[in-house]
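Asker: Residues per chain are reported as follows:
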Amino acid sequence: MTKNNPMLDDIYENHQERILNLMKYLPFFKLQETSFHQYKEGRYDGLDMGYIVMGVLRFFLEENNFNDRRVTYGDYLQFVTGLLRRDFNLFIPPEEEKELAGYIFDKIKNDGRPFTMDYFDPVEKKTKTARMKLIDSTLKDGVMYYDITADAIEFYLETKEVKEGSRINIKQLLLEKMIETKNFSGGLDVVRQINSEVNKLRMRKQEVIKTLGINVYEGVKALEEFNRTGIRWFEEEQSAFQKNRELIARAKEKAEESQTDEGAYKMAYEEIFLLENELLKAISNHGKLLSDCMELQVKADEIIHKYKFSRLKNAFDFKGYLEKARKFNDVSLLGNLIRPLQKMKTKQSFYIGQIDDLLTQTVKEEEEGEKLKEEEVVMYRFEDEEEEERIGENYTAIIKTLFDTLLVRERFDLQEFNEILELKYFDNIFRNSDYYSFLVHICQKKEYDLSEVKKHQDTFFEGIVSEMLKDAKNIRYLNLRFQLELLGDMEETMLDFEEHETERISHVITGVDQDTEFMTSNIRFIRY
Amino acid sequence: MNNRNFERAMDLFSALIVGEEVSKKAGKNAELYDAYTSNAEVNEIVDTMLKKLGLKLYDSNESLFVSAGDHNRVFGFSNEELKRMMGLRLNKELYLCYYIIYNVMTMFYHTSASYTYLEYVKTEDVIEAVSASLKNVTDQINLLARNELEESSFELLAITWDEQPVLGKEDAAIRASRGSKAGYVKTAFNFLISQNLFAEAEERYYPTERFHALMRHYFEEERGRLFEMEQELMRRGEEEDAAY
Chain X
1 MTKNNPMLDD
11 IYENHQERIL
21 NLMKYLPFFK
31 LQETSFHQYK
41 EGRYDGLDMG
51 YIVMGVLRFF
61 LEENNFNDRR
71 VTYGDYLQFV
81 TGLLRRDFNL
91 FIPPEEEKEL
101 AGYIFDKIKN
111 DGRPFTMDYF
121 DPVEKKTKTA
131 RMKLIDSTLK
141 DGVMYYDITA
151 DAIEFYLETK
161 EVKEGSRINI
171 KQLLLEKMIE
181 TKNFSGGLDV
191 VRQINSEVNK
201 LRMRKQEVIK
211 TLGINVYEGV
221 KALEEFNRTG
231 IRWFEEEQSA
241 FQKNRELIAR
251 AKEKAEESQT
261 DEGAYKMAYE
271 EIFLLENELL
281 KAISNHGKLL
291 SDCMELQVKA
301 DEIIHKYKFS
311 RLKNAFDFKG
321 YLEKARKFND
331 VSLLGNLIRP
341 LQKMKTKQSF
351 YIGQIDDLLT
361 QTVKEEEEGE
371 KLKEEEVVMY
381 RFEDEEEEER
391 IGENYTAIIK
401 TLFDTLLVRE
411 RFDLQEFNEI
421 LELKYFDNIF
431 RNSDYYSFLV
441 HICQKKEYDL
451 SEVKKHQDTF
461 FEGIVSEMLK
471 DAKNIRYLNL
481 RFQLELLGDM
491 EETMLDFEEH
501 ETERISHVIT
511 GVDQDTEFMT
521 SNIRFIRY
Chain W
1 MNNRNFERAM
11 DLFSALIVGE
21 EVSKKAGKNA
31 ELYDAYTSNA
41 EVNEIVDTML
51 KKLGLKLYDS
61 NESLFVSAGD
71 HNRVFGFSNE
81 ELKRMMGLRL
91 NKELYLCYYI
101 IYNVMTMFYH
111 TSASYTYLEY
121 VKTEDVIEAV
131 SASLKNVTDQ
141 INLLARNELE
151 ESSFELLAIT
161 WDEQPVLGKE
171 DAAIRASRGS
181 KAGYVKTAFN
191 FLISQNLFAE
201 AEERYYPTER
211 FHALMRHYFE
221 EERGRLFEME
231 QELMRRGEEE
241 DAAY
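Here the protein sequences line up with chains X and W, keeping their order. Everything in the first sequence is counted per this note's numbering, starting at 1 for the first residue and increasing by one. Everything in the second sequence is counted per this note's numbering, starting at 1 for the first residue and increasing by one.
Simulated from the structure, these hints should not be mistaken for laboratory data. For each residue, glycine too, the CB sits at the ideal point set by N, CA and C. You may find that some hints are simply not true.
To be verified - Simulated DEER-style distance windows between Cβ atoms:
{"id": "1", "chain 1": "W", "residue 1": "G237", "chain 2": "X", "residue 2": "G320", "range": "49 to 59 Å"}
{"id": "2", "chain 1": "X", "residue 1": "V298", "chain 2": "W", "residue 2": "D139", "range": "52 to 62 Å"}
{"id": "3", "chain 1": "X", "residue 1": "R131", "chain 2": "W", "residue 2": "I193", "range": "15 to 25 Å"}
{"id": "4", "chain 1": "W", "residue 1": "K135", "chain 2": "X", "residue 2": "K364", "range": "26 to 36 Å"}
{"id": "5", "chain 1": "W", "residue 1": "R204", "chain 2": "X", "residue 2": "K347", "range": "22 to 32 Å"}
{"id": "6", "chain 1": "W", "residue 1": "D139", "chain 2": "X", "residue 2": "K364", "range": "56 to 66 Å"}
Based on the provided sequences and hints, a complete structural model is requested.
Answerer: Structure representation (C-alpha cells):
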C-alpha cells in the first residue's frame with residue numbers, strides 16, 4: 001500500500017535522511033544546555049556555552065578551511081581565553097583560565113565521545129543510533145592536531161546566511177573536504193546546494209530589479225548589497241570550481257586505478273560521475289549568473305537614469321487628500337480616488353427615468369417669435385449742462401430774495417441786501433462764486449421791467465428771470481419795475497446819498513488758512 | 001495612413017475598451033503591446049482615440065492599463081450604478097465602502113510614489129486601519145446631534161462604522177453584507193476583485209499589477225486637479241441645479 005502513495009513513501013523512505021540532517025543540530029543544543037552551574041560551584045554561571053561553541057567552530061573553520069592550517073591545542077587555548085576576556089570580561093588567574101578552557105574543550109569534544117541520538121529506522125524496523133562529532137583529532141609526528149568535521153561545517157553554515165563571505169565558496173570548501181574523504185554522495189548534496197545557491201542569487205537579481213522599479217532608493221541599496229555579497233566573490237568562486245573539478249578528475253583516476261573490488265569501484269565511479277555532472281551544471285549556472293549580473297547593472301543604470309529625470313515630479317499624497325476632504329467634511333470626495341480605478345463601463349444603458357421625461361414633455365403648437373424688449377434711451381449730461389443748472393438754481397434763489405425785498409422796501413443798497421442774504425443763507429453765500437457772477441450779470445442793465453422781460457430778454461440774466469416768471473408761484477413779481485444805481489461812478493446822484501450808504505463795500509471771505517477781503521462798488525436798488 | 005496599422009490600432013483599442021489584458025509580461029495580447037510600443041502610427045491612433053474619449057492609458061511593467069478617470073460620462077460609473085454593483089442601498093453605505101477602499105489603498109501606498117512593500121492584507125487588518133483612522137471622529141460623536149448630520153459627513157461615516165459589530169451573528173465565515181464591519185470590508189474587496197485590482201487567496205488580498213499601475217501613474221498625473229476640491233464641489237452643485 002505504501003508503495004503507491006508518494007506521501008507515505010516520503011515518510012517511510014526519507015526518514016533516516018531527515019534524522020541525519022537534524023542530527024547536525026543536536027550537539028549544539030546539548031551543549032547549550034550544559035550550564036556552568038556544576039563547574040566550580042557555579043562561579044562561571046554567566047558564561048554562555050552556545051555562544052562559545054559557535055565561536056570555536058568559526059575559529060576552526062577559519063583556520064582549517066580558509067587558512068589551510070591545522071589547529072593545535074595551544075591555538076585553541078589562545079582563541080578561547082581571548083574570547084572569554086573580550087566577550088565575558090573574564091579576567092582570572094592563568095591557571096584557572098587554562099582549567100576552564102579545558103573544561104569547555106572537553107564539553108565540545110563530549111569527553112572524547114561522539115554526540116549520539118537514538119532513532120527508529122522504519123525501513124529496517126530497528127532503533128539506530130546517529131553519531132556526530134564537532135571536532136576531530138589526529139596525531140601526526142607526535143603532535144595532536146584538531147580539525148572541524150564536515151558535519152560541523154554544514155551545521156555552522158546553515159545557522160545563518162553568511163553574508164560577508166561567499167556562501168558558494170564555503171560550500172566549495174565543504175565539497176573539497178568531502179571529495180578528500182571520498183564521501184562522493186555527500187559531495188553531490190553539497191554541489192546541489194551550490195546549485196541552489198547560484199539559482200538563489202539569480203532570483204535575487206530579479207528581486208533587485210523589482211525593487212528598483214518600485215523604489216529607487218531601496219533598489220540602489222539592494223543592488224549594492226547584491227554586488228557586495230553576490231558578485232564580489234565571483235573570481236574566487238570560479239577558481240574554487242576549477243579546483244574541485246581537478247579533485248574530481250583525480251578521484252576518478254584513483255577509482256580507475258584501484259579496481260580491486262569490482263562492485264565498490266562501480267559504485268564509487270558512478271557517484272563520481274554524478275558528482276562531476278552536477279558540478280558541471282553548477283559551473284554553467286555560475287556562468288549564467290555572471291551574464292545576469294551584467295544585465296542587472298545595465299538595467300539598474302537605466303532605471304536610475306530615468307528616475308533622476310522624474311525625481312522633480314511630486315507624488316500624489318493620499319493622506320493629504322483625506323485631510324482636505326475632511327476639511328470640507330465630505331466623504332463623497334473620496335469617490336474621485338475610487339472611480340478612476342474601475343474598469344470601463346462597457347454596458348451602456350438607457351436611463352429608465354428618461355421615459356417619464358418623454359411622456360410628460362409637452363410640445364408647443366406653434367413657434368413663437370422672438371420678443372423684442374424696448375431699450376431705454378440713456379441720457380447723458382455734460383459738465384457744462386450741470387453747471388448751467390446749478391447757476392440757474394443759485395440765481396433763482398438770489399433773485400427771489402432780491403424781488404421779495406424790493407416788494408417790501410422801495411430802496412436799499414447792496415450792503416443791506418447782503419445782510420438779508422446772510423440771514424437767509426448764512427455767510428456761506430459769499431463764498432459762492434455764483435453770487436459774484438450774479439452781481440456782474442445784473443449790472444449789465446440799469447433798469448428792469450419784469451413784464452417786459454417776460455416778453456423779451458436781452459441778457460443771460462433776463463433769460464433766467466423770464467424762466468422764473470413762467471412759474472405760477474412767481475406771478476407776484478410780474479409788475480415789478482426797478483433800477484440800479486452804482487454808487488461809485490454816479491456824481492449826479494451824490495445828492496441823494498443817505499448817510500448810512502457807503503460808496504464802496506468790502507467783502508470778507510473767511511478761508512481755511514486766512515481770510516481774504518476785496519471791495520466792490522455799492523449798488524442801490526430802487527423800485528419805481 | 002496605413003490600413004494595416006489602423007486595423008492594429010483598432011484591435012488594441014477594442015481590447016483595452018472591453019477590459020482584455022494587454023501585457024507582454026503575462027503573454028496576453030503581447031503582439032498588440034509590441035505594436036503600441038514600437039509602431040509610432042499605431043501608438044498615435046490609439047492615443048488620439050483614447051484622448052478624445054477622455055480615457056487615460058498607462059504603460060507599466062510591460063503591460064497596458066486604461067482608466068476612465070473620475071468624471072467620464074460614457075465609460076465611468078455613477079454613484080447609483082456603483083451602489084447597484086456593490087449591492088448597497090444608501091449613499092452613506094457607499095461612502096463607507098469608499099472609505100474602506102481608501103484605507104486599503106493607503107495601506108499599500110502612502111503617496112503615489114511610495115509603495116509600502118506590503119504583500120497582502122487581511123480583513124482584520126483593514127478593520128483595524130479603518131477604526132484607527134476614524135477614532136478622532138468617533139470620539140466626538142456623542143456631542144453631535146445626529147439628525148443634523150449631512151449624509152456625506154465624516155461624522156455620519158464614523159457612526160455608521162462604529163455601530164456595526166465586527167462580525168455578523170449568523171455565521172463564522174465572512175460574507176459580504178451590510179450587517180458587520182467584516183461584511184463591509186468583504187463588500188469592498190469583492191468590488192476590488194471584480195475590478196481586477198485585487199486577487200484573493202485564503203482570505204488574503206493581494207494587489208494586482210493593474211492596481212499598482214493606476215496607483216502610481218493616475219494619481220501622480222492628476223494630483224493637481226484632484227486637490228481642487230472647491231471647484232469640484234462647485235461643479236457638483238451646478239450639475240445638481242441642472243438636474244432639477
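Asker: Now look at each hint and say whether the structure bears it out.
Answerer: To see whether the hints hold, each was checked on the structure:
{"no.": "1", "hint": "W/G237 with X/G320: 49 to 59 Å", "in the structure": "24 Å, violated"}
{"no.": "2", "hint": "X/V298 with W/D139: 52 to 62 Å", "in the structure": "55 Å, holds"}
{"no.": "3", "hint": "X/R131 with W/I193: 15 to 25 Å", "in the structure": "55 Å, violated"}
{"no.": "4", "hint": "W/K135 with X/K364: 26 to 36 Å", "in the structure": "60 Å, violated"}
{"no.": "5", "hint": "W/R204 with X/K347: 22 to 32 Å", "in the structure": "31 Å, holds"}
{"no.": "6", "hint": "W/D139 with X/K364: 56 to 66 Å", "in the structure": "60 Å, holds"}
Comparing the model with each numbered hint stated earlier shows that hints 1, 3, 4 do not hold.
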